[in-house]
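S.K.: Quick mapping for you: the protein sequence lines, in order, are chains C and P. Just so you know, we're using this note's numbering here: the first sequence kicks off at 46 and counts up by one. Just so you know, we're using this note's numbering here: the second sequence kicks off at 46 and counts up by one.
The set of hints was computed from the structure by calculation and includes no laboratory data. Beta carbons: idealized from backbone N, C-alpha and C, even for Gly. Mixed in with the good hints, there may be bad ones.
Going by beta-carbon spacing under 10 Å, a handful of chain P positions derived as facing chain C [said to hold, decoys possible]: (1) V61; (2) Y64; (3) Y92; (4) I101; (5) H137; (6) V311; (7) H354; (8) G356; (9) E361.
Stretch-level coverage of chain P by chain C, calculated; a stretch enters the list once three of its residues show a Cβ under 8 Å from a Cβ in chain C [what the hints assert, rightly or not]: (10) 93 to 99; (11) 129 to 135.
2 protein chains.
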Amino acid sequence: MTRFDVLTIGNALVDVLAYADDEFVARTGIERGAMTMVDEARSDEIYAEMGPATEISGGSAANTASGVASFGGRAAYIGRVSDDAFGKVFSHDLHSVGVHFEAPLAVTGSPTGRCLVIVTPDAERTLCTFLGAGAELDESYIDEAVVASSAVTYLEGYVWDPPAAKEAVRRAAAIAHGADRRVALTLSDPFCVERHREEFLELIERDVDILFANENEITMLYEVDTFDEALHRVRGHCAVAALTRGAHGSVIVAGDDVHVIDAHPVDVIDTTGAGDLYAAGFLYGLTHGYELATCGRLASLGAAEVISHLGARPAEVLAELARPVLGG
Amino acid sequence: MTRFDVLTIGNALVDVLAYADDEFVARTGIERGAMTMVDEARSDEIYAEMGPATEISGGSAANTASGVASFGGRAAYIGRVSDDAFGKVFSHDLHSVGVHFEAPLAVTGSPTGRCLVIVTPDAERTLCTFLGAGAELDESYIDEAVVASSAVTYLEGYVWDPPAAKEAVRRAAAIAHGADRRVALTLSDPFCVERHREEFLELIERDVDILFANENEITMLYEVDTFDEALHRVRGHCAVAALTRGAHGSVIVAGDDVHVIDAHPVDVIDTTGAGDLYAAGFLYGLTHGYELATCGRLASLGAAEVISHLGARPAEVLAELARPVLGG
Numbered sequence: 046m047t048r049f050d051v052l053t054i055g056n057a058l059v060d061v062l063a064y065a066d067d068e069f070v071a072r073t074g075i076e077r078g079a080m081t082m083v084d085e086a087r088s089d090e091i092y093a094e095m096g097p098a099t100e101i102s103g104g105s106a107a108n109t110a111s112g113v114a115s116f117g118g119r120a121a122y123i124g125r126v127s128d129d130a131f132g133k134v135f136s137h138d139l140h141s142v143g144v145h146f147e148a149p150l151a152v153t154g155s156p157t158g159r160c161l162v163i164v165t166p167d168a169e170r171t172l173c174t175f176l177g178a179g180a181e182l183d184e185s186y187i188d189e190a191v192v193a194s195s196a197v198t199y200l201e202g203y204v205w206d207p208p209a210a211k212e213a214v215r216r217a218a219a220i221a222h223g224a225d226r227r228v229a230l231t232l233s234d235p236f237c238v239e240r241h242r243e244e245f246l247e248l249i250e251r252d253v254d255i256l257f258a259n260e261n262e263i264t265m266l267y268e269v270d271t272f273d274e275a276l277h278r279v280r281g282h283c284a285v286a287a288l289t290r291g292a293h294g295s296v297i298v299a300g301d302d303v304h305v306i307d308a309h310p311v312d313v314i315d316t317t318g319a320g321d322l323y324a325a326g327f328l329y330g331l332t333h334g335y336e337l338a339t340c341g342r343l344a345s346l347g348a349a350e351v352i353s354h355l356g357a358r359p360a361e362v363l364a365e366l367a368r369p370v371l372g373g
Numbered sequence: 046m047t048r049f050d051v052l053t054i055g056n057a058l059v060d061v062l063a064y065a066d067d068e069f070v071a072r073t074g075i076e077r078g079a080m081t082m083v084d085e086a087r088s089d090e091i092y093a094e095m096g097p098a099t100e101i102s103g104g105s106a107a108n109t110a111s112g113v114a115s116f117g118g119r120a121a122y123i124g125r126v127s128d129d130a131f132g133k134v135f136s137h138d139l140h141s142v143g144v145h146f147e148a149p150l151a152v153t154g155s156p157t158g159r160c161l162v163i164v165t166p167d168a169e170r171t172l173c174t175f176l177g178a179g180a181e182l183d184e185s186y187i188d189e190a191v192v193a194s195s196a197v198t199y200l201e202g203y204v205w206d207p208p209a210a211k212e213a214v215r216r217a218a219a220i221a222h223g224a225d226r227r228v229a230l231t232l233s234d235p236f237c238v239e240r241h242r243e244e245f246l247e248l249i250e251r252d253v254d255i256l257f258a259n260e261n262e263i264t265m266l267y268e269v270d271t272f273d274e275a276l277h278r279v280r281g282h283c284a285v286a287a288l289t290r291g292a293h294g295s296v297i298v299a300g301d302d303v304h305v306i307d308a309h310p311v312d313v314i315d316t317t318g319a320g321d322l323y324a325a326g327f328l329y330g331l332t333h334g335y336e337l338a339t340c341g342r343l344a345s346l347g348a349a350e351v352i353s354h355l356g357a358r359p360a361e362v363l364a365e366l367a368r369p370v371l372g373g
């Protein structure tokens, strides 16, 4: 018996969201549409230039855990925050949707991490992350009993950036496989793929049962020019891969089984969290015995809900929205 | 010459917004649709029961200052926050729209105040306020030079709750009139009116040049049954009164001059800040020499913008939205 459907592990962050024009993004010198890592001083500098902001819990894997819970699944999260206002907000927001999150708030080390999210008029987001306490996640945070009793352990590619955290998630993957559970990975971001390509390729080969990536990430991983080439490469590389293509929907490939899933139509307000909620819907479906095409439809539904408003976590109860898909 | 068009003084708060159903509100025992004052422990208790939340700077008078700045006016704010994460967020959000806010972050006393905002499906909001540092505002915060050089000093009725703060705003009103400037007051909330009716009646008689109130507040003030009775009472009591009636628009009365202004049509998402942004538009217009009907149209525009999204401060630049009204 499993205690959790999905355990997610990642960099814990509070998002600080503000609207800005393209000129502002250009002026900061940050790569538009990507995630750039900065130190506390640079984060403070950019924040000082930003307009009025909204603070809302984020962190890619935490968004996914929150999404799984919203679909009605049993979700757990491992990540590191400090015993400060943002850490308490982060913890509250996970607990309030029923996500198991038991790591004590850290009283030493860096403050809780934050991600400055600059939303431009085209609804694209440019992320600027100060990892803070998140970067100090280490093996002591990996609760063996929780990992061993989760049907899927989902890892965020971003965790490869802080060295101690990477070791922690490798340990989690080993525990999961030792308990005959599955391991999922999201590539997180094309620049993240560029930084860790060799390690990701090896990890997928050896440890990943379910891979999530968008078109930019998967072509960057295999250093190919077209989505179709990447599709054929991943097919022989990973048991299940779910590849997203924004408004063009997604493709799920599992050996000979291929599904092409439409995006759920929606007015896009802010794309933050789209991939995270896609993964949430997919993993909820997978751990509840639905076939891959249904998993894909749940995934598209999760992504559509989260991009229809500001913030990277569901604003509506996804279990309710999923009823027409599941025929309940 | 004035340095500022509008100085606002009020309880500085960070809003913690979450959606909930009517049953949740009933269970907390808090008065639906009103503002209830609670201590830190009770605030923490209700927060623990609340769903995932969004943190965004609020505080009625601070919202108004932010709105005046967004219309392109010169705005200043006086209020008290602590040197903690929420205090820094509050300060950042005012500075980022160009509001003058110079009080140092307090290093002693209570943490920065917070207002739990529970938004029910009808877009009504139920407020639960822990004043925190805001309640410790005292006369030392009243910068005489700033008050004397502001065309209008705008006071929040809520400030009558903490005793030291009330003395501070009375002092500000005296400085403003001594410098031949105008004083505005918002009644803030019907329960606030009930708590301070006699003081408000005397204050309006002696010190208030411009009064803002909604229908519930103004009928509560004069203890009358109908809006029309309240209208006739206030007419002889205050030089200018702007009385709001939600979707039914507003009525502006200044001696023999009466204007009935339509509400600006909008899809209501969250009514938090409607009165604050109404006041912002009105005072921007008044301090820029527009006639009362135009002030009312700017006021309706400000209110409409802020209720079209979650949060009590403008998400769009009001100066841009105001162009069609001002023919610019």
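S.K.: Now look at each hint and say whether the structure bears it out.
M.R.: Now the hints, each set against the structure:
1. Look at V61 (chain P): its Cβ gets to within about 8 Å of chain C, closer than 10 Å, so that hint holds up.
2. At a threshold of 10 Å, the smallest CB-CB gap from Y64 (chain P) to chain C is about 7 Å, leaving the interface hint in force.
3. With its C-beta approaching chain C no nearer than about 7 Å, Y92 (chain P) sits inside the 10 Å limit, and its interface hint holds.
4. Here the hint on I101 (chain P) is kept, as its CB sits about 5 Å from the closest CB of chain C, short of 10 Å.
5. Because the smallest distance between the Cβ of H137 (chain P) and any Cβ of chain C comes to about 7 Å, under 10 Å, the interface hint for this residue holds.
6. Nearest Cβ of chain C to the Cβ of V311 (chain P): about 17 Å, over the 10 Å cut. The hint is violated.
7. The closest approach between the C-beta of H354 (chain P) and any C-beta of chain C is roughly 8 Å, which is under the 10 Å cut-off, so the hint is satisfied.
8. Taken as an interface hint, G356 (chain P) checks out: its beta carbon lies about 7 Å from the nearest beta carbon of chain C, inside 10 Å.
9. Among the interface hints, the one on E361 (chain P) holds; its C-beta lies about 9 Å from the nearest C-beta in chain C, closer than the 10 Å criterion.
10. Here the stretch 93 to 99 of chain P counts 6 residues with a CB under 8 Å from a CB of chain C, which clears the bar of 3, and the coverage holds.
11. For the stretch 129 to 135 of chain P, the stated coverage by chain C is satisfied: 4 residues place a CB nearer than 8 Å to a CB of that chain, which reaches the threshold of 3.
Hint 6 from the list above is the single one not met by this structure.
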